[in-house]
Structure formats: structure tokens, C-alpha cells
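Visitor: This is what each chain is made of:
Protein chains: 4
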Amino acid sequence: MKTATIIIQCPDQKGIVAKVSDFLYSYKGNILEIDQHVDGEIGMFFMRAAWELESFDLEKDKIAEIFQQEVADEFEMKFELYFNTSKPRMAIFVSKLSHCLFDILSRYYSGQFDVEIPLVISNHLELKKVVTAFRIPFYYLPVDKSNKAEVEKQQIELLKQHQVDFVVLARYMQILSGDFIKSFPNQIINIHHSFLPAFVGAKPYHAAYERGVKIIGATAHYVTEELDAGPIIEQEIARVRHHNSPSDLVQIGQDVEKVVLSKAIKYHLERKVLAYRNKTVIFY
Amino acid sequence: MKTATIIIQCPDQKGIVAKVSDFLYSYKGNILEIDQHVDGEIGMFFMRAAWELESFDLEKDKIAEIFQQEVADEFEMKFELYFNTSKPRMAIFVSKLSHCLFDILSRYYSGQFDVEIPLVISNHLELKKVVTAFRIPFYYLPVDKSNKAEVEKQQIELLKQHQVDFVVLARYMQILSGDFIKSFPNQIINIHHSFLPAFVGAKPYHAAYERGVKIIGATAHYVTEELDAGPIIEQEIARVRHHNSPSDLVQIGQDVEKVVLSKAIKYHLERKVLAYRNKTVIFY
Amino acid sequence: MKTATIIIQCPDQKGIVAKVSDFLYSYKGNILEIDQHVDGEIGMFFMRAAWELESFDLEKDKIAEIFQQEVADEFEMKFELYFNTSKPRMAIFVSKLSHCLFDILSRYYSGQFDVEIPLVISNHLELKKVVTAFRIPFYYLPVDKSNKAEVEKQQIELLKQHQVDFVVLARYMQILSGDFIKSFPNQIINIHHSFLPAFVGAKPYHAAYERGVKIIGATAHYVTEELDAGPIIEQEIARVRHHNSPSDLVQIGQDVEKVVLSKAIKYHLERKVLAYRNKTVIFY
Amino acid sequence: MKTATIIIQCPDQKGIVAKVSDFLYSYKGNILEIDQHVDGEIGMFFMRAAWELESFDLEKDKIAEIFQQEVADEFEMKFELYFNTSKPRMAIFVSKLSHCLFDILSRYYSGQFDVEIPLVISNHLELKKVVTAFRIPFYYLPVDKSNKAEVEKQQIELLKQHQVDFVVLARYMQILSGDFIKSFPNQIINIHHSFLPAFVGAKPYHAAYERGVKIIGATAHYVTEELDAGPIIEQEIARVRHHNSPSDLVQIGQDVEKVVLSKAIKYHLERKVLAYRNKTVIFY
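Protein chains in written order, with this note's numbering: chain B, 991 to 1274; chain H, 991 to 1274; chain F, 991 to 1274; chain X, 991 to 1274.
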């Protein structure tokens, strides 16, 4: 089924739901999903609606313009409009660890992710074979202190060339520059291998071991300039015991990481995430 | 804040959300929450909306009538309307086990449950002291095969007398008759001490032990005439290990039971449950 | 069944299990449970064994001495010996919040906790009624900046007078002094309302809300002088969503807190916890 | 580190732990892990011990014989002895679904599974490419009613030829005959896509949807002749909501299936599973 999805944010006020649903109805849109959220602390209204495109009386190309005039202007709305008629294009960045990459490719292979993967970029060669087995172009761009800025340029060039919509850091072991991040606002998903905000930074499993926690976790979040502090999309945990060594924690944690990252990708693909300030609304 | 909540079901068709939200807006209702669900398999539409009463332009007593005329008739809707201006009245049935009762009373005491508890009914005396410590009337109605029908009459009489809206079976060890159940359709919440539909019937923890399961659970559901087969409101689980004896399972399970039952009560109190056929929609 | 339990720690070396189990067997002890753990990072060995007392050939009072001579000396062991023939004596400290207290009393009432509760101490009067309904002495000792040291003296005096073995801080809203803590090393259990080490300190639910986490938690730990940094006994979590307000988090979290605290108490009562450095071994 | 692991079962009696640990100590074995379990209901004792091989004073080939004479005979023990000096050999059976296979191969690739995979057998061709990308031989043996017995013969022949130790049914959509199962007692691991014993048989996700459960699950178990009734090794669950369609449940469930199956394989590989009657002891 061809569908359109709109994600809206604006200052909270009366009549927004009525106005939006009226708009859709007036053009014969059959609403498939509707969800809203009010953040009372800051007085903001958020909404997501999905409807059937085929019977809709407006041309796809005209919807944004007409909606702007008939609805958005009055409520000072910001909105984003998506159509499922073309697949989002996702780039994957990896280093050496394979578990998240495998999990993503497995879902891509089985059709669980409705996405194009035009390229994988890595600073190591280890995962090249796996990627090419799926007939996905693999770009090897080694990074060191001296060439980092240069490599980022190449990466951004490649992403543009392949018309990439969003980037997944599947345990990519490099910190991106502020400039790179600004080029893809809320379009870079990272998996951090701890239950943020616990154990920010490097070696979180070792830190968790040292602290003697009984539960470890993983966090998928949009990348912002402040390290490990971007809007959280999804988190999950696993229990550990005293007899688990740091390397046990790494293994147990990898199962959590891959599931959390793939869930976050799925929410993102289904246009169910709205990031604002340092948080996300997940419409599910 | 004074609020009204409406729960709607009708055959799925275009324009329902628009119509309902228009209705609310036209009388200056500020929508606080709105959620909908379409069961595509059976072509049914479900919706829940909550709005502020104070600024609403319709008298509380007139809302149902006007909504019927202006909205419900056209879409062949069934709907229920609730106001938070009076507290629901809940009766609790218990036997000897105290864990669920304590949990409910604890939440009642701390104000977590916005409810009146006009009475507790039991077929045993063990829990009388606890109940009366909370200044709640305790009715002792012992049951055996010979007097069951008679006792149920008394129970129903008491429930009516105390204007009870719904009944919670907090590990009440008697099976209610079809007649009793029909008097409170989808208004009797039971906690079953297994992860239904596994281990229907008596002694589920022993059955779970025999089967060697690694996870046990509990299920809160509305009571229907078919035993342990009513619409499920909430379920939760706990892990067990080979060294757990049947009595360990009972203890571990009780923690799950009380949390599940209290969650179900909370959903019910907040008008977030819509039961249809043998299922529930939980608007949360 | 009358049983003895021994908890052992010593530098790791060969033959410890053989020596200990031989010792028990040589005096006709029937081993009921045995568990061990080696912390390879620091080269320490930990062990727990429980056995039947009745058929055991050593007098209860002599076991420690003989074990010291025949086993402990050789391996430079530290050990603790417990008998289930007398119940541990637990004091509860509370302020105004009732959920943890209710949960503990509920388990005490139903016999799930094999413990004596000789007294409850509070800096507020709110929970006095509940406590006295269980026929437990309630001591009201209000605390402010000026009298804190003096009140702690009274508290310690009361604990000694009632021969208290360990203390449970059931959401007691005061920070204990280093002197108090030293009087009960690894014998004070606190419940912290966050998933430590995330959100150390006050108002963790509000901090969690601000950060936009998708999971909140609670942590039971032994109290040490460094705030919220003692050995973790148990942790548990609950999922939250964007529409949950800070006060929702408080309520959702309370369910987690009470279960975690009660589990920690149970492990402690069953002599299943061994605290070393900043961690715990949980023999379950 | 080269290690030996022994798994023991015998009627419960005094002195077993002492005898076994003495035996190991007398030959200079450094015990790495020891765990025991008594099933009080049936009076059986179970034990697992792992120790370093290198400093051990008995030849690998002699251990079983000497242990039999010095220990096992006296206690009427049955025992199994494993060495980590050679990798277990695992065959995988698949049909068309790829998620479990991918997950296993991903762990195999990253070294998380210490195993040889000499072959994959399938009744369909879909997954051939994936398997051969990992340089694992793929055998295509289509099955229908007429040739089932014949195909099983070929399968058993292949398993013998490749010296397979155990078989994993990674969503293999055929029911094995009693004869096949008897050839590999407690050496065939199956993943069932429900929380057994709920929803035995085919289409469990659809049955779960019909019943309106709030939690679905998956179960890894050893295959016995009674369908879906063998000893459970591991189970896990995931929450679902009313808006999840049957195909959502399938997708959500696949994440659970693959994690549960891989955990079960890991326990099996690490010799942590002891199956008796219709249950398992998991020494972890």
C-alpha cells in the first residue's frame, strides 16, 4: 500500500488534531495511524499521522505546499513529510566488529528492513568479504590522526554521491567531527555499548565490571556534537553475574547492542522517531 | 484537572478521527490524549480521547446525548464516557493469600490508585485484620459446595449496595458462576498465576516445575465464563532456574502476580482498556 | 531443617574445595548447597557451603574453632559461619514514602522473610500507624542539621539495645555519617532509585526524565562512606516512554525499587551475599 | 588453557562433593568451576566440575577409567567427560528462514562459538548462497511425504561421515522421525517459536495473536519423540501490543528465537547442560 506519513511539531494549542485530521479527510485521506504527544513541561505538541496515498485527492508533490498554507502556517508548525514510494538510503560505517553489521545485513537480506544500502564505509579491511558477499560496495578509508579531516571529506563526498539519507555507525570506532555531524542532523545513528548515561566514553564494559553492576545495557542514539549525549532512540539491558569476566560482558553485551541498534534503525525507517532538544518521541 | 474520556468502537471507515476531534474542538475541548487502533482482520476501529472538562462548552450531562446525535449515529459507534470527577468504586475478593491484597492496599494508601474501596469480601478470616487496619469493611462469606449459589447472591447484593463499579479477584480461590460473571461484564479482573495460555487451571506453578520451564509468568484478565480464557489485560514474567523448587516458584511468582494485577487495575482505572471479542486494546 | 552456612574467602590456590568438602564429610555433614567463585583478576577464591546440622558430628559452638584449625589456617581464609537456628534481626529506617516499607512488611507477614523486625526508626510520623498495625515498635527521631550527630547516637543505641544484626534503609531520606556506617560494615542495605552508576545523588527520576532515557532502574547496595558507591547487591529496570512525566517515572520506579530491595534483603537473609572490595558475589 | 569437564549424576548421598574434589586434588587438578544440584523430589544428585588439564597427573585417556574405579563405582554414578582440546562438530538443518542461521554463522565467524560446522543440510535451496559464502558445505535434500524415510537415511549418513556431535534445527520445518531422534539422544537442539508449553505445534504466532497475549516467546529444547515436549534449555520473551499484527509478531519473535537458540547452543558447547527426565540442569 502506498502511504504518506507526516511528523509535526508546534507550540501546544487547541484544535490541532481536529485541523490536521480535517485536512486529511477533506482530501479523502484514509488515516491509518495517528498518534500525538504533548510535552507539558515545555508546551510543545508533537504528532504523527499516516494515510493511504492512492485515494488521496492531492498530488504527492503538492501536499507539502497545500498543508503549509491550510494548516501549518496557522499553528506555526514545523513538519516533515515522507512517502513509502521510495526506499530510504542508508550508509553503514564499521570498523572490525561484525555483530551489528551481520544483524543489519541479515534483516536487509530477509526483507525486514525496507531500505537501500548503497555502501559500507570502513577504516579496516576485515569486514570487506562479508559486505561484498551481499553485493554491497565496500569503501576502505583508513583513518589516523593526520588524515582524519581529509577522510571525512571523502566520506561526505561518497555519501552525497550515493544520495545517502542517513548513516548508521555499527560499532565504528572513530569519533566524527562536528562538521560531519552537522551535515546529517539527527540522521546519524550510533550504538553505544552501555546503558547511557552510565559509562560514557571508551571501554564501558570494563567500567561496568569494575563497578560490579548486575545489569549491563546498550543505547542507540542520534549523534550530536557532545559525545554520547545525543537523543536516545532505544535502550535494552541484559543481566550479568559476578562470575562474568569483562570479556563475558563484551559477548553478552553484543547481543544487546545488535538488537537495540536494529530496533532503532527500524523506528527510523518507519518514520516513528521525532527528535527534539535532547530527547526523542517514539510513535509506536 | 477535571477531564472527560471517551472510548469508541465502530466499523472502520474514513473520517472518524476528523469527526471526533472536530466535535471536541467545536465545543472548545482541549484534547489531552488521543489514540486509535484499527483491527484490520475484522475491520473494526477503536479510539480513545481525553480532554479538559472545564473549558468545554457542553454540560457534562449532555455530552453523551449530543455526541450520539452529532457523531455516533453516523458511524454506528458504541462508546463509553467517563469523568474523573468521581472515583470508581472497586471491590476486592480474597481468600488467604495476602501478597496481592497488600500491594493493592499499599497503592491505595499512597494515593497511586485513584479509587474508592467500599468493601473486601473473603471466604476466609485470615486477612480481616489487615483490611480493617485500613478502615475498609470486611465481609466474611464462607463458601462450600452446598451454599455457593446462595453466597453469590449475597455477594452481588453487597456489591450493589456499595455501588461497586468493578471487582478485583486478588487470588480469590473460588470459581464464579456464569450468572455472577454476566452481572459484571468486563468488570471482573482476575490474576492467574501462570503465563496464559500455558498452565490453565489449578496448581500452575507445580505444572511449570514439572515441565522444567525457564520462565514463569502471571496474567491479569477479565473474567469470562470460559475458565482462564478471558481478555488478557497484562502479563509479566520472571526467570527461574533448575534449583528452584515448586515453593520457590510460588514465591517468585507472587512478585510477578502482584505487579501484573496492580498494573491491570491501573489501566482499568485510567480507562485505558477496551475489551472486544477475546482481546484487549490497551491505550497507553 | 537445621542448617549451617559458611562463607569463605582466601587467596586462590589448589585444593580448597577438596579440603572444605572433606572437612564437612569427615564430620558427617550432608552438603545441601555448594558454590564457589574465583576472581581471576585479583587471584581471590570465594566459596559458600550449606549443610545439615542435625547429623553433623561437631557441636555448633565448636565448628568455628575446629574449622579454623583444620582448614582456615592453612589457606589463610577469612570465613563467616551462620546457623538458621536463630532469626536475623533487621531494623528498618524510613521517612515518608511507604512503598518499600509495605512490601517488606507484606513479606514479613506472609512468612516469606525469615527475620525478626524489632523496630522501625523514622524521622517522620507518617508511617507510624502502618508499623504499629504490625505490632512493631516505631521510634520517631526527627533529624535536622543541628541534631544529626546526637540522633545518630540514639539510633545506634537503639540498634544495640534491640540486638540488631543489619539495617535496611527503605527510602530513608537522610545520609548516614561515616561513623554510623563503620558500626555496621556491609550490614546496611540501601535502595537507590536509579540504575547506578547512572544518576547518582538526589532526584534521579528527574535527571532520567531530562536525559530522555528509555529505561529506568533501581539499585540495592551496601552503604559505604562514598555516596551511592557501595557494593551492588541487586538491580532491576523498567521501560518508560516519552509520554511518561517525571511523576510517572517516580511511580513506575517505585515498583522496581520495592522488588529490588526485597530481593536484596532476601539474599542477605539467606547468607547468599559476599561483599568484597566494591562488589558482591551473589551465590544463587 | 586446556581443560577437562565432568558432568555427573547419581542417587543423592553424603560425601559426593568431597569424593570428587578429593579425586581431582589427589591428581593435582586445579578446579576452575564446580557446581552441583540436588533434585530433592526424586533424590538425584547432579554435579559439574572443570579443571586444568596441563598440571593434571593423569593422562587424558586414562581419566575416565580411573575415575570409574576410584569414584563412580561407589556412588553408582553416570558421568560424561569432555576436553576442550578438540572442537565439537555441529550440523545445522535449515529450511527457508534465515534469521537463526545468520545469527549462528555470525557467532561462528566472530569466534564466539568454539565449534566446527562441517555441513548445513536443507530441504530448500534458498540459503545455499549464504552458507557457501562461509565456505561451509551445503547439502540440498528436498523432502516430501514419499521420500522422507529415505532422506533421513541420507542425512544420518552425512552426519556420520562428517563425525557430527550434535545437530541444530535452525527453523527446520520438518518433523524428524523417532528413529532419527534416537540416533542423537539429547544431541538435537530445536528452536520452537513460542513460549512452550503455550502454543505447541504449527503457527504459534498466529495462535498467540488470536489469544491476544501481551508477551510472546521462544523456546530452545532438546528434541524428543513427543513433539515440542523435550527438555527445555532456554526461553526468552518479548512484549507485544494490540496493534501488532501476526506478521509483526513473527518479526518480533524472530529476534527472540535467534538469541534463545544461540544461547542454548552456547550452553551445550560449554558442557553446561545436563538433561534428565524431561528437564535440564543448566550449570551457569
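Hints were generated in silico from the structure; no laboratory data involved. It is possible that part of the hints are untrue.
If chains are identical, the list can't say which one is meant, so a pair holds when it fits in one copy or spans any two.
[Said to hold, decoys possible] Calculated cross-link-like contacts (lysine-lysine; reagent style DSS-like; alpha-carbon spacing at most 25 angstroms):
| # | residue 1 | residue 2 |
| --- | --- | --- |
| 1 | Lys1172 | Lys1262 |
| 2 | Lys1138 | Lys992 |
| 3 | Lys1193 | Lys1077 |
| 4 | Lys1119 | Lys1086 |
| 5 | Lys1004 | Lys1050 |
| 6 | Lys1256 | Lys1086 |
| 7 | Lys992 | Lys1143 |
| 8 | Lys1138 | Lys1256 |
| 9 | Lys1269 | Lys1086 |
| 10 | Lys1262 | Lys1004 |
| 11 | Lys1193 | Lys1143 |
| 12 | Lys1150 | Lys1256 |
Visitor: Take the hints in turn and mark each one as holding or not.
Guide: Hints and how they fare:
1. In this assembly of identical chains, Lys1172 and Lys1262 lie within 25 angstroms of each other by CA distance solely inside one copy; the values are 22 angstroms within and 41 angstroms between copies.
2. Proximity of Lys1138 to Lys992 under the C-alpha cut-off of 25 angstroms is found in neither arrangement, the shortest distances being 42 angstroms within a copy and 44 angstroms between copies.
3. In this assembly of identical chains, Lys1193 and Lys1077 lie within 25 angstroms of each other by CA distance neither inside one copy nor across copies; the values are 36 angstroms within and 31 angstroms between.
4. In this assembly of identical chains, the alpha carbons of Lys1119 and Lys1086 lie at most 25 angstroms apart whether taken from the same copy (12 angstroms) or from different copies (23 angstroms).
5. Taking the shortest alpha-carbon separations for Lys1004 and Lys1050, only the inter-copy value of 19 angstroms comes in at or below 25 angstroms, while the best intra-copy value is 28 angstroms.
6. In the homo-oligomer, the alpha carbons of Lys1256 and Lys1086 lie at most 25 angstroms apart both inside one protomer (23 angstroms) and across protomers (23 angstroms), since each shortest distance falls under that limit.
7. Taking identical chains as interchangeable, the C-alpha atoms of Lys992 and Lys1143 are never at most 25 angstroms apart, the minima being 36 angstroms within one chain and 49 angstroms between chains.
8. In this assembly of identical chains, the alpha carbons of Lys1138 and Lys1256 never lie at most 25 angstroms apart, being 30 angstroms within a copy and 40 angstroms across copies at closest.
9. In this assembly of identical chains, Lys1269 and Lys1086 lie within 25 angstroms of each other by CA distance neither inside one copy nor across copies; the values are 30 angstroms within and 32 angstroms between.
10. Both within a single protomer and between protomers do Lys1262 and Lys1004 lie at most 25 angstroms apart by alpha-carbon distance, with minima of 24 angstroms and 23 angstroms respectively.
11. Taking the shortest alpha-carbon separations for Lys1193 and Lys1143, neither the intra-copy value of 28 angstroms nor the inter-copy value of 43 angstroms comes in at or below 25 angstroms.
12. In this assembly of identical chains, Lys1150 and Lys1256 lie within 25 angstroms of each other by CA distance solely inside one copy; the values are 22 angstroms within and 43 angstroms between copies.
In this structure, the hints that do not hold are numbers 2, 3, 7, 8, 9, 11, in rising order.
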